[in-house]
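Asker: Model the placement of chain W on the given structure of chain U, informed by the hints.
From first to last, the protein sequence lines are chains U and W.
If you read the first sequence in the working numbering, its first letter stands for residue 1, the second for the next number, and so on.
If you read the second sequence in the working numbering, its first letter stands for residue 1001, the second for the next number, and so on.
In case anyone wonders, no lab produced these hints; they're calculated from the structure.
You may find that some hints are simply not true.
To be verified - Coverage of chain U stretches by chain W, computed from C-beta distances (three or more under 8 Å per stretch; other residues unrestricted):
1) 28-42
2) 139-152
3) 242-249
4) 293-301
Ideal Cβ placement from N, Cα and C applies to all residues, glycine included.
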Amino acid sequence: MTDQPLSSAEAPKKRALPHINPVYFLLAALIAAILLQNPNFAEPTGYMNFLKRAAPLAILAAGQVYVLVSGGFDLSVGSLITLVVVGSSMLTNNDPSATLWVIPVMLCIGLAVGLINGLVVCFLKVPSLIATLGMMITLTGVSFMWSGGSPRGYLPDTFRFFGRVNIMDIPVIRMLPVALIVLIVVGFALYWLMHRTNFGRMVHAIGDNPQAARLGGVPVNRVRILAFVVSSLSAVVTGILLGGFAGVSTDVGNGYELQAITAAVLGGAQLLGGRGSVPAAIAGALSLQAIFTLLNFLGLPQPVRQVVQGLILIIAVALAMYRRKRTGR
Amino acid sequence: MKKILRLFVAAGVAFSVNTLAQAQNFDDPAEFAKQQEQLTATPMGPEGMPWVQYLEDNMVDTSSMAVEGKHTICFSNAGVNNPWRVVGYTNMTEEVAATPSIGEFIHVDAEGSDDKQIADIDDLLAGGKCDLLIVSPNTTAALTPAVEKACAQLPVVVFDRGVNTDCPVTFVHPVGGYGFGIQGAEFIVDNVEEGANVLMLRILPGVDVLETRYSAGRKILENAGLNIVGAEFTDGDNAKTKSIVEDYLQRGSIDAVWMDAGATAVAAVEAFEDGGYDIPVFVGEDQQDFLRKWQDLKLTAIAPTYPNYQWRTAIIAAERVLNGEAVPGPEWVLPQPAITQETLDSMVNPAMPPLHYAMCGCEDMANYPAAWGGQ
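Chain U with its partners taken away, still in its complex shape (with noise of 0.2 Å):
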C-alpha cells in the first residue's frame, strides 16, 4: 500500500525523483487508503477533526526538527507538554481572564527549558541525548509536585479555545478548527525560519559540520541553543493546543518526544544532523496521526495494530533512507 505509487514512480521517472519528497507519497497513500475505507473522511468533519487533531503533534515535530538538524536530540518536549497543561490549569485556576498572562508565563518557560536545555549542550558538553533525559525527568518531576500527581484544576474555556473550538458556517469548508490555523501560522514561521533565513543555514552547517561551520565564522554555541529553544518554544505551543483538545491529565505529554522525532524522521530528518525540513516534518506527522486513524477505522485488535504500525514506520524510513542512497541528497 505505501510503496506502490513509489515503485510506480522510480523507473521511468527517474530524475523527477529528487525533488519529491517520498514523504508526501506516503501521505498521499495513507489517506487514499483512509477514504476508501470511510468515505466519510472527505466530509469537512472527517477531515477537519483529523488536521486539529493532528496539529499539535505536527508543530511539535516542526520544532524537533531544528534539534535533528542541528545534530542532537530534545527528548524535553513530551514532558514539557506535560508541564504546560499542569501548569496552566494550576495557574489559571478556573479564571477564565487569567489566559492571557498564562500563556505568556508558559512561553516563557518554555524559553527557559530551552536555554538550560541548550547550554548544557554547549557549555558542559553533555550529549544532547543524556541532557534532554535529564531535562525530561526533571520536568516530569516537577509538574508532579506541582500538581500533587493528581490534575488541581480545570482549564478555563479561554485557554481550551485554541485546541478544542471550530470556527462554524464557514463557506465550502464549513468548519475550521482554530487549531488549524495555528497549525498553519506557526508552521509557516518555523518554515521561513528554517529555509529562508541565514540562520537556517547556519543550523544546517551546525549539524553537517560543526568545525568547518566554526571555521565559516557560524557562531556554533548560539546557534545550537536557539535550536533547543525553537524546540522547547513550539512543545509549548503543542501543549497548550493538547490541554485545549482534551483537558487537564497529568500524563498528556508521555512518548510525544519519540513520536516527534519519528514524524520528522519520516519526513527524510537525518538523525545526526545537517539534513531536514519543516514542511516533511508536517508531512510526517501528518502520516503518522493518518497511520493512527486508519488502524482505528480498519478495527484491527490492538496487537496487531501495534505490528502494523511498527512495519510501516519501519518500511517508510527504510524508503526515505534507500532514495537518499540513491540520490545522494
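Answerer: Quick look at chain W alone, frame taken from chain U:
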C-alpha cells in the same frame, strides 16, 4: 526510558506482561454470581459509614495479636502513581493522624515496581520496628511469597489487590471488578433499545481488576442483545480517548458508552459535545469532573465506583488487630455503591479537584477538603 514512560501510562497498575504470564481466568461464573449478589446485599456494620461496613459475616479473632502501648504500623504501598492512589493515600494519612494510638506510621512507596516492593517488605521486616504490616500489592503473584514471609513474623493486612495466600489476618477490598462491570452494563441495558450500538472503552489489557470489569460488562451487554461496535484501549489518555470516539462517530451512531474506568470519561463526552451529537447513555466513574459534566449536561449516566474509602479501612483494620478486637475476615468485603441520578447531587462538589474521587468517605475527616486539594 520506556519503563519510566510506562510507569505513568499504566497508571500504577501491574505491568501487563507480568499479569498475562499468570494466565488468570478473568471470566469466572462463580465469582461473577457471587459479586452480583453482593451488590444488592445489605451490609453489616454502622449505617452511613461504608468504610467500616462488611458484606461477609465472618469474624477473625485477633486477641492474641494485641500490642500494648503506642503502635507502629508499616505500610508497603504499590505506588502513589495515579489520581485514585493519590486520593487514597491522603485518606490513609488523615486516618492515621486521627488515630492517637498509632505512634508511628512508616510508609514505603514501591513506585509501581514488584522488585522494589519485595525489597521494601524485606527492609521493613529486617528493621524490626513494625507491629503490623499493611500491604497494597503491586501484582498478585509476584508479591505472594513476600507477604507469606511477612506473615511468619507479624500480623499482615492486605488491601486493594489481593495475594494468593490466606495468611494475612484479613484482605480488605470492595465487591470487585465483576461488580463494577455489572453495574455499568445493567444500567445501559435498562436505558437503551435492544440492538443498540455500544462502544466499550478500556484503559489497557492484562490487569485483573480491569479485565474482570470488562468480561462482566461484555457478558451482560451481549446477553441483552446489544451490538458492541468496538472495544478500544485508551491507555487512560484523554486525547486518545477523544480521537477514538470521534472516529467511531464518523462510522456510525453510538447509543451508549461503557468504560472500565472513568478518568477519561469527560474527554469521551466532549467528543460528542464538540461534534454536535446528542450525548448517549454513559458509564463513568466517581471522579468529580465526570460528575460535574453529568450534572451540567443532564446526562443519562451512572458512575460505578471502586470505593476509595478502602484506604481508611486498611488503617481501621490494622488498629483493631493491634487492639485485639475481632475484624471481618479472612476477607473484609466492603460495599461498592454506584452513583446514580438520585445520589448525584449529594456527590458533586465543585470545590474539589477534577480527579478527586467522590466515594472517598473522607468528608467527615478533620482536614477535609484542604488535604485533598479542595478549596
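Asker: The structure should be examined with respect to each hint, and the outcome stated for every one.
Answerer: Quick rundown of the hints versus the structure:
| no. | hint | in the structure |
| --- | --- | --- |
| 1 | 28-42 | holds (count 3) |
| 2 | 139-152 | holds (count 6) |
| 3 | 242-249 | holds (count 6) |
| 4 | 293-301 | holds (count 4) |
Violated hints: none; the structure is consistent with every hint.
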